[in-house]
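Chains as they are written, first to last, in the working numbering: chain A, 11 to 220; chain B, 40 to 262; chain C, 166 to 346.
Simulated from the structure, these hints should not be mistaken for laboratory data.
We treat Cβ as the ideally placed atom computed from N, Cα and C, and that holds for glycine.
Errors might be hidden in some of the hints.
To be verified - Cβ-Cβ distance ranges computed for the label pairs, FRET-style:
1) B:Glu207 x A:Ile152: 19 to 27 Å
2) C:Thr240 x A:Asn112: 48 to 56 Å
3) B:Leu235 x C:Thr240: 52 to 60 Å
4) B:Phe202 x C:Asp307: 25 to 33 Å
5) A:Ile12 x C:Pro220: 39 to 47 Å
6) A:Pro184 x C:Lys176: 49 to 57 Å
7) A:Ile152 x B:Ile55: 48 to 56 Å
8) A:Gly174 x C:Pro220: 40 to 48 Å
9) B:Leu235 x A:Ile200: 48 to 56 Å
10) C:Asp298 x A:Ala65: 36 to 44 Å
11) C:Ser223 x B:Ile55: 22 to 30 Å
12) B:Lys163 x C:Thr240: 33 to 41 Å
13) C:Ser284 x B:Leu235: 38 to 46 Å
14) B:Leu209 x C:Ala297: 40 to 48 Å
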Amino acid sequence: MIVKLAAIFFSMILVNNYVLVKFYGICPFLGVSKKLDSSLGMSGAVIFVMFMATAVTFPLQIFVLDPADLGYLQTIVFILVIAVLVQFIEIFLKKYMVSLYNALGVYLPLITTNCCVLAVTILVVDDYGADVATLGFAAAYIESLVCAVGSGVGFMLAMCLFSGVRTRVEACDPPEPFKGLPITLVSAAITSPYFMGFGGIVENIFNVTL
Amino acid sequence: MAQENSKVSILTNGIIKENPVLRLVLGTCSILAVTTAVSNALGMGVAFTFVLVCSNIIISLLRNVIPAKVHLPCYIVVIAGFVTIVQMVMQAYFQSLYTALGVFLPLIVVNCIILGRAEMFACKNSVVDSALDGVGMGIGYTLTATLMATLREVLGSGSWLGFQVLPESLPKVGIMTQAPGAFFCFGLLMAGCVWLEGKLDARVERKIGCQPLKDLQEGEDKE
Amino acid sequence: MNKAAWESTAKPILVLSVISLVVSLLLALVNSFTAPVIEANQKATTLAAYVEVMPTVSSAADLEEVTGYTTPGVTGVVKYTDGSMAIQAGESGFDGGIVTVILGFDANGTVTGIWVDASTQTQGIGSNVASADFLAQFNGMDGTQNIAAGSGYDSYSGATYSSDALFAAINDCINCYNELA
């Protein structure tokens, strides 16, 4: 069990990296990765919301939507849950955890429309929903939460790596049409192949494969 | 006559002047992900245009009813409703396309182009104008996606819309259909667009991402 | 209720609820049209796969559905008048995704064909267990004995979880065949 959880965690970070391999959350990736501290703040907020959203939506799907045969309401229910949750977290942090609010607060409103949060809630239901029948709800729930946090950490890794890349790119002098966004995209193209090679590493460390 | 002109300009606005992908830089996630093959790009474009036009019409109809306080959740519910309809219809009648687009179909909900158009255009304009705006933006999105998919599919698989166009003997650039190729093609296309703008003397400043993100960025730039 | 409270609290809640309700009803309506089509499509795919693994069967209409099996993991069984049989089973692989296997048996218990859906597994890694080259090793094997990776049959290298699920599902089919034959 522990080995499988670790394998899920690291494969979400390295092999199935949400930003550079799966293309979820490209907007904040291009928009906020200019500086290291804003990258960290944004990804901290994303990890937090991803974890909370999965914690709510997974049981919702298993215990409410599936038994009531309302699977087709998944998209609409999940996005509403995320929107309400983000609002709620914002109010809660503002009131009770001021220091955390100061660190993450500005990024919270952006997260409702961040596709990685909706993506992770839908994907864990697809991937681990079936485990409820074979392994029991608790095990499937833990797997999906680990998967959510792993995806968030993968997002953070990509943001932080890329803020470093961007600092170097900004200091360069590319041809006129490439200035700004185009050269940023080309450097993302050079950063992303690294993640394609990680499959073997996770495989060998945990002696299991994907 | 002036009336006619303004209708046409609303329609063409989304295709060239405010091309959502290359000039407004919105909805980048799906553009990068679905352009591995021309057929996927076209399917995504049609689904996207349908959702955009329908949600624009409904939101424009309801623009005087929806209270400002809950406008965002209301828009999201309307958009998510149409996205789910597209999902169900596509799963029933276009199974292979449904599998190919995967999770990016439900992710149309959080596509900033649709929410952005609802926020910026549909809630302030008449139903007809909003519908035209949706059609224009949809065509702009579809054309750009198809262009990029053409680049990636021809180089990566040697085919176009499934038909072999490059001779078999020519080596394929497999990486073009994978993640790095997506970023690279998008960068190239955008550079091409900037170059063209330079020639035509019509440069625009590119701000990345969704509306609230823009505010944040402006704040960052001021620092 | 005074007017200010209505404008600031009740009206937004009411409008949002009404919109949500209307949208949900609309979705339920569309779902009632598309759900049967989706189900029919899935059934057609499964039937076509049954025919594919049974060389003596030419049309899905000739198949007769078998019920009353107890083997866990098995999701469907069909038989043909000449004694051949096809069994569908699923086991969860990596990420919890189900690897579905349909195994065809002739009247003597020899495996006549195998069909695998591993589209739920990691693309390009686990999904490889559905490749024709890899599956060729199972054709013509004795369908009455359980098999194990490493003893005569290979796992797909680099896809341990998905291969384990594949072998488990094949053994489910074999157990079910032994139960029914």
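Do the hints match the structure? See the list:
1. In this structure the supplied range 19 to 27 Å is violated for Glu207 (chain B) paired with Ile152 (chain A), their Cβ-Cβ distance being about 49 Å.
2. Between Thr240 (chain C) and Asn112 (chain A) the CB atoms are about 53 Å apart, so this pair conforms to the stated range of 48 to 56 Å.
3. Taken as a hint, the range 52 to 60 Å holds for the pair Leu235 (chain B) and Thr240 (chain C), whose Cβ atoms sit roughly 56 Å apart.
4. Remark: the range hint 25 to 33 Å for Phe202 (chain B) to Asp307 (chain C) is contradicted by a beta-carbon distance near 44 Å.
5. Checked against the hint of 39 to 47 Å, the pair Ile12 (chain A) and Pro220 (chain C) passes, with Cβ atoms roughly 46 Å apart.
6. About 53 Å separates the C-beta atoms of Pro184 (chain A) and Lys176 (chain C), a value consistent with the hinted range of 49 to 57 Å.
7. Restraint check, Ile152 (chain A) to Ile55 (chain B): a C-beta distance of roughly 51 Å satisfies the suggested window 48 to 56 Å.
8. Gly174 (chain A) and Pro220 (chain C) have their C-beta atoms about 59 Å apart, which leaves the hinted 40 to 48 Å range violated.
9. Checked against the hint of 48 to 56 Å, the C-beta distance between Leu235 (chain B) and Ile200 (chain A) comes to roughly 25 Å, which is inconsistent with it.
10. Between Asp298 (chain C) and Ala65 (chain A) the beta carbon distance is about 43 Å. The supplied range of 36 to 44 Å therefore holds.
11. Separation of Ser223 (chain C) from Ile55 (chain B) is about 56 Å and departs from the stated range, judged on CB atoms against 22 to 30 Å.
12. Judged by the Cβ atoms, the range 33 to 41 Å given for Lys163 (chain B) and Thr240 (chain C) is violated: they are separated by roughly 53 Å.
13. Hint check: Ser284 (chain C) to Leu235 (chain B), Cβ distance near 41 Å, so the stated range 38 to 46 Å holds.
14. One distance hint, 40 to 48 Å for the beta-carbon pair Leu209 (chain B) and Ala297 (chain C), is violated here, with the actual separation near 26 Å.
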